[in-house]
Amino acid sequence: MSVLVYINSNNGLYKSAFEAVTYGKKLGGDVTVITSGAADTKVLAGLGKYGAGKVLVDRSLQGDDDQQLTRIIANAVVSSGATTIIFSHDLTAKAVAPRLSVRLKAGLVSGAIEVPNGDGTIKVNVFSGKAFSSVKVNSASKIISLLPNSIQPEVSGSDCEVEEFNGNSGESKVKVLSTKKPEGEIPLPEAELVVSAGRGLKGPENWGMVEDLAKALGAATACSRPVADIGWRPHHEHVGQTGVAIRPNLYIAAGISGAIQHLAGVNGSKVMVVINTDAEAPFFKAADYGILGDAFEVLPRLTEAVKKFKSSGN
Amino acid sequence: MKILVCISKSPDTTSKIAFTDNNSKFDENGVQYIVNPYDEWYALVRALEIKESSGGNVTIITVGNANDEAVIRKALAIGADEAVRVDTDPTDAYYTAMQIAEYAKSNGFDLILAGKETINYNGSQVAGMIAEAMDLPFISLASKLDINGSTLTLEREIAGGLQVVDVNLPAVVSCAKGMAEQRIPNMRGIMAARTKPLNVIAPVAIENLTEFVAYTMPATKSACKMIDPNNMDELVELLHNEAKVI
Ligand SMILES: Cc1cc2nc3c(=O)[nH]c(=O)nc-3n(C[C@H](O)[C@H](O)[C@H](O)COP(=O)(O)OP(=O)(O)OC[C@H]3O[C@@H](n4cnc5c(N)ncnc54)[C@H](O)[C@@H]3O)c2cc1C
Numbered sequence: 001m002s003v004l005v006y007i008n009s010n011n012g013l014y015k016s017a018f019e020a021v022t023y024g025k026k027l028g029g030d031v032t033v034i035t036s037g038a039a040d041t042k043v044l045a046g047l048g049k050y051g052a053g054k055v056l057v058d059r060s061l062q063g064d065d066d067q068q069l070t071r072i073i074a075n076a077v078v079s080s081g082a083t084t085i086i087f088s089h090d091l092t093a094k095a096v097a098p099r100l101s102v103r104l105k106a107g108l109v110s111g112a113i114e115v116p117n118g119d120g121t122i123k124v125n126v127f128s129g130k131a132f133s134s135v136k137v138n139s140a141s142k143i144i145s146l147l148p149n150s151i152q153p154e155v156s157g158s159d160c161e162v163e164e165f166n167g168n169s170g171e172s173k174v175k176v177l178s179t180k181k182p183e184g185e186i187p188l189p190e191a192e193l194v195v196s197a198g199r200g201l202k203g204p205e206n207w208g209m210v211e212d213l214a215k216a217l218g219a220a221t222a223c224s225r226p227v228a229d230i231g232w233r234p235h236h237e238h239v240g241q242t243g244v245a246i247r248p249n250l251y252i253a254a255g256i257s258g259a260i261q262h263l264a265g266v267n268g269s270k271v272m273v274v275i276n277t278d279a280e281a282p283f284f285k286a287a288d289y290g291i292l293g294d295a296f297e298v299l300p301r302l303t304e305a306v307k308k309f310k311s312s313g314n
Numbered sequence: 001m002k003i004l005v006c007i008s009k010s011p012d013t014t015s016k017i018a019f020t021d022n023n024s025k026f027d028e029n030g031v032q033y034i035v036n037p038y039d040e041w042y043a044l045v046r047a048l049e050i051k052e053s054s055g056g057n058v059t060i061i062t063v064g065n066a067n068d069e070a071v072i073r074k075a076l077a078i079g080a081d082e083a084v085r086v087d088t089d090p091t092d093a094y095y096t097a098m099q100i101a102e103y104a105k106s107n108g109f110d111l112i113l114a115g116k117e118t119i120n121y122n123g124s125q126v127a128g129m130i131a132e133a134m135d136l137p138f139i140s141l142a143s144k145l146d147i148n149g150s151t152l153t154l155e156r157e158i159a160g161g162l163q164v165v166d167v168n169l170p171a172v173v174s175c176a177k178g179m180a181e182q183r184i185p186n187m188r189g190i191m192a193a194r195t196k197p198l199n200v201i202a203p204v205a206i207e208n209l210t211e212f213v214a215y216t217m218p219a220t221k222s223a224c225k226m227i228d229p230n231n232m233d234e235l236v237e238l239l240h241n242e243a244k245v246i
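So the sequences go chain by chain: X and E. Heads up: the first sequence begins at 1 in my numbering, then just goes up one per residue. Heads up: the second sequence begins at 1 in my numbering, then just goes up one per residue.
The hints are simulated quantities; they were obtained by calculation from the structure and are not laboratory data. Quick caveat: nothing in here was measured; it's all calculated off a predicted structure. A few of these clues could be false.
Unchecked claim - In the EDC-like style, the derived pairs of lysine to aspartate or glutamate whose C-alpha atoms are separated by at most 16 angstroms in a straight line are: (1) Lys308(X) with Asp233(E); (2) Lys105(X) with Asp21(E); (3) Lys173(X) with Asp135(E); (4) Lys51(E) with Glu82(E); (5) Lys51(E) with Asp21(E); (6) Lys310(X) with Asp81(E).
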């Protein structure tokens, strides 16, 4: 069997790239990576450590046009003979994987959280994290889009060769007018630690406490839906059933009641901590650790405790 | 401007999620269906705003059986002009997308809108598949959409950032938060919806590429461990040594 992994390397490599290659390796067989853009050859060669046998890079394509990427990946499928194509379930995958599915007539499994079961079915998140389903693919080829933070990257080899590839990307019908690049912050869906706050924080002026704790931990920040709706925080921080679904190792929720729609987007977290003044808040039923107290006092105290812990060499 | 909006039903967000038939089927018992929030709040409302400012027609399309007509009427009550129902169960994203593409190909739409994903299967697949089947450009997860003549200007989220793009019509767009504000249908809309055209069309023969064969629920959590609010050192210690997450 031959596996092709698409990696978006436009802003350097995120951990999700290593996860996707590790996932490909776990399927068995040869793993080829396809990417485009200007990433450093040495950096790309490092994907070999996670199990890639070869990296194909189309340097003629700089952007992230979905039609062009689809053509390049489809050509890489032909040249590598791959029957399984892996994406990390990020914004690029959401645009490109469905196109590729139609082009190759390959069943697309989005939001995979595990390697395939013995019977070949693949476990995915459904109902916005309220349940799981096993998906069977009927077509000869398949595409799997892996939810970030579902498996750990594993080093199994050494640097691999990087080959220039002409994927015949063709024309773009989309003209990019401007791009606001991420400013070194961790994309929320990939963050391992997340500090989140809700309406209990009472106003945007109080978010310093949340950011301080996030900074001390090296965590990303998130919020509940009403907080984004009233404009206290940007929309991309809104987590939940109608926001971003995340599965970090640690989710700390301050002043969030834990409504079913909120929990739907975060209950894939490995560990959840709730800080709330109301002992009846539903979040206490979902959390692993609970603090019955005022976020205005608890957050700064927790930040101090984290700083103390970090400065003692951890 | 002819706009097609893809509408899916989804269980109300407070529905109890359960499964029947040996965990192979979603248990619809007592489940209230709504229009998938992303389709309704963002795709449909933005289509209506465009129609209100520059004229045109908004058609909604859903792939589903006769039980879905209540959800279709709701979308009509919000303001769509007419509805199309492809009379079949939407068994997988590819099957569903090919049904919609088949209809759209022969009906000359300028713009096809969909929500960014459904809240039951979360696949984010259908709109991109329609675009590929029709060889149209696809702008995914757009949070802003403006029209100037035959050019769309869109804002969309890209990994951790924001991009502004221009694309010529026809095009397919999946809509995310920021694009429009939810509208509540009024009495007049609800009355008008009853008599708006709802065309039921037969499906075309398409295979299913995938199948949801079995469902499971997440393991139940053990009880929440309460920590003294004055002792955050204890919490840090537990997160480090017990939970091993920091
Ligand atoms: C269709 C639909 C989709 C939805 N999707 C989402 C979604 O994706 N994400 C989402 O988050 N919500 C969603 N919601 C909204 C959801 O139902 C809740 O209304 C929302 O999550 C509540 O936000 P909150 O917890 O910040 O605010 P509230 O419910 O107002 O809770 C505030 C909490 O803060 C506590 N508190 C107050 N003061 C303090 C203090 N000083 N210290 C500590 N705690 C304090 C209170 O006890 C309370 O528990 C959706 C709703 C619907 C109908």
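Check the structure against each numbered hint from earlier and tell me which ones fail, lowest number first. Per hint list: 2, 5, 6 violated.
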